[in-house]
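Undergrad: What follows is the residue order along each chain.
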Amino acid sequence: MIGFASLLENKSEKVPLWFSSICLGALRYLPLAHARRLRVFLLRLAGVKFDGPVEIRGTQLIGIPDRLRIGAGAFINAECVFEGDGGIVIGAGSLLGPRVMILTSNHRVGTDWVDECKPVTIGEDVWIGAGAMIVPGVTIGSYAVIGAGSVVTKDVPVGARVAGVPAIAIYGKQDALLTD
Amino acid sequence: MNQLGALTRRALVGLLRFLPSEQPQKIRVPLLRLAGVTFDGWATIFGFQTIDSPHMLRVGKRCFINAECWFQGNGGIELGTEVLVAPRVTILTSIYREGCHSLCASQPVVIEDGAWIGAGSTIFPGVRIGRGAIVAAGSLVQQDVPNGACFGGVPAGILHQRSVISLSSVNKSMV
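Chains A and B, in that order, give the protein sequences.
When we follow our numbering, the leftmost residue of the first sequence carries the number 1065, and every step to the right adds one.
When we follow our numbering, the leftmost residue of the second sequence carries the number 2, and every step to the right adds one.
Calculated from the structure, these hints are not laboratory results.
Positions of the beta carbon are idealized from the N, C-alpha and C atoms, including for glycine.
Take these hints with a grain of salt, some might be off.
Stated by the list, open to error - Label pairs and their computed distance ranges (CB to CB):
no., chain 1, residue 1, chain 2, residue 2, range
1, B, Lys27, A, Glu1180, 25 to 31 Å
2, B, Gly158, A, Phe1139, 31 to 37 Å
3, B, Leu16, A, Trp1082, 14 to 20 Å
4, A, Ala1136, B, Leu8, 46 to 52 Å
The following block holds chain B by itself, in its conformation from the complex (with noise of 0.2 Å):
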């Protein structure tokens, strides 16, 4: 499967683009595992993703993606339990420094279990978002997010913290 070559993955993910947003998921996901999406269990993800470098991005289990979200992999996502991830988030994880012409060097972004990402927001190269936190909508996340925080704004700063974060009954409806 990791076999496949860089241009059939990213074939692989734009013939995506041609299915609606919400429904054939047991089309979608397979074709995503087909393109080098590393899925840990069944997860729920909407139409008109882009994601550069699939085989760097590993979904967990349950996991929920709203549509039009961009995962730029190269330095490799990694998203845990039951995160959900709401429209138009972007993840980046390349970085570009002075005197260099292309991307020169990545960092990979961690997201861990049951983090709630908002509506159009950002994370940035080498975030870690904590087990259950939250980011607000719209915001731009450039440094880690603690365990059970809620953060928000651009830049993303604490609004604030979570006392008591249980995820052993997380989402256990959602499939």
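So that you can see chain A by itself, here it is in the shape it has in the complex (with noise of 0.2 Å):
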């Protein structure tokens, strides 16, 4: 939440939709594993905030590119979703698989479908397997390892390996052997 706070304090609408729209297509006719350095540009072009140097591949789809912020040396795999309207923090060293999903909108249930939006936090050095999901107002502590395909609706405790819909613990907590 800390690094939440920080981002709402330099956050600013400056880049208009349509530009950032542009920069984000322009992703999609670069290859798939090169061009590194031209899809970091683009991204920050169209707003996302970047600590360091990151290794990006193919496609993202980005709700809103001024929330995201991403560590230096995370790595992030092809085809991930990043919904950004609550903001998403990736803390560094943090690994993604290809087609992650990360929400940040939910419909409030009853009578009207306001959105709610809850921002989701990634600690430093996680691993989140392919095509796992991340809803709304999740953090994930540092160390954890969350299981390919899995959806997570729940905080999970650092170093914690969960996986399944919806993901549970499925190892030791704090197993510092592996995490390092």
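Mind assembling these two chains? They're in different frames, but the hints should get you there.
TA: Shown next, in the form of structure tokens:
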């Protein structure tokens, strides 16, 4: 949440939507694993905040790029979805597999479908398996491992390993040997 | 409009992949209409949709369809009024049967008014999703969802039943 607060401080809506749409659209014409610098440059133009060098592959679908912050040394594989309305912070050194979805906006169930946005915070050195989905408001602790295809509906403690739909702990927590 | 050949329809839907995700709604919706999708009113549709047989897809008033959905519409897909579809939802209508090497049967999918389909879920052929129902993110819906029920999981089962469903005031603000 600290990360999110700092994100809000220097958050600015100064990148117009049409401009960020064009920048993100241009990613679709780049090769999957090359043109790393150009891809990061385009994402930065679109409004994504980077804390250091990162590796990003393929195309990404990013809702509001202004509200996405990616830590140094993160690796993001192709075709992820970042629905950024509520703000997403990805910690340093985290690995995201292909087709990971991070959602931040929800609808309030009741008489109307008012949007409720909650931030998603991902700690450092987290590994998220291919196709996993993180629902709004979830905080993932550092060194956690999320199994492929799982749907994470609750906060994940530091160093935990979770998998399944909905994701539950599958291994002992705080397994320091495997997290380093 | 419906006399357009299948190839032309596919080409039109393919053209939409060159538009950015959110923006020009005023281009995307008319192009989809030209490709054969039936719109009952204004709907908001985000980019990168995969639509087989667009002429079999019907979208109700004030629907909202997020990006990268897959409508495999051979058997017909009907979205009611004010249906919300999250990103990467897959709606299937064709069935393979043993001993049959092509798509040999299809069953329509009906999503009724005010339903909300969560991100990444998959709807199987022949499923009817009731009024005001909610499908949780990442679920695999193989059976009909009753009105107002909240379904989730793989395969999807009932999580809880909403007692009050008032659809009259649903989403007036969203155009």
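Undergrad: Now look at each hint and say whether the structure bears it out.
TA: Structure-based check of each hint:
| no. | hint | in the structure |
| --- | --- | --- |
| 1 | B:Lys27 to A:Glu1180: 25 to 31 Å | 28 Å, holds |
| 2 | B:Gly158 to A:Phe1139: 31 to 37 Å | 36 Å, holds |
| 3 | B:Leu16 to A:Trp1082: 14 to 20 Å | 19 Å, holds |
| 4 | A:Ala1136 to B:Leu8: 46 to 52 Å | 48 Å, holds |
The structure is consistent with each of the numbered hints, conforming to all of them.
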